[in-house]
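Enquirer: Take the sequences, apply the hints, and build the full model.
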Amino acid sequence: MRRRRKKSTNQVGSPLWMTTYADMVSLLLCTFVLLYDISSVDRGKFEGLKSSIHCGFGILDRGPVISEDPDIF
Numbered sequence: 060m061r062r063r064r065k066k067s068t069n070q071v072g073s074p075l076w077m078t079t080y081a082d083m084v085s086l087l088l089c090t091f092v093l094l095y096d097i098s099s100v101d102r103g104k105f106e107g108l109k110s111s112i113h114c115g116f117g118i119l120d121r122g123p124v125i126s127e128d129p130d131i132f
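In the working numbering, the protein residues as written are 60 to 132.
Any given hint might turn out to be false.
With beta-carbon atoms standing in for the labels, derived distance ranges [to be verified]:
id, residue 1, residue 2, range
1, Asp101, Thr78, 35 to 41 Å
2, Leu108, Met83, 23 to 29 Å
3, His113, Pro74, 45 to 51 Å
4, Arg64, Ser99, 58 to 64 Å
5, Leu108, Pro74, 40 to 46 Å
Keep in mind that the hints were calculated from the coordinates and are not lab data. Yeah, the Cβ is synthetic: ideal placement off N, Cα and C, and Gly gets one too.
Expert: Structure below.
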């Protein structure tokens with residue numbers, strides 16, 4: 060019969076939580092870089108992007124509405 064080896068308690072490299080933490084920090088960095096990038100918006104490019112997203116999701120232009128009362132919305 061074979062004897063089972065004991066699992067080594069000495070870890071090589073960083074602890075497991077550090078990998079998750081590093082991933083979270085890099086995602087936060089990317090988020091803030093994107094927020095900084097879109098903080099100075101070119102109106103023409105924004106309208107083009109907005110219409111592309113609307114077409115991609117199948118959102119049509121706003122049609123006639125029943126009530127124009129701003130208190131409803």
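Enquirer: Does each hint fit the structure? Answer for all of them.
Expert: Against the structure, the hints:
no.	hint	result
1	Asp101 - Thr78: 35 to 41 Å	holds, 38 Å
2	Leu108 - Met83: 23 to 29 Å	holds, 28 Å
3	His113 - Pro74: 45 to 51 Å	holds, 46 Å
4	Arg64 - Ser99: 58 to 64 Å	holds, 60 Å
5	Leu108 - Pro74: 40 to 46 Å	holds, 42 Å
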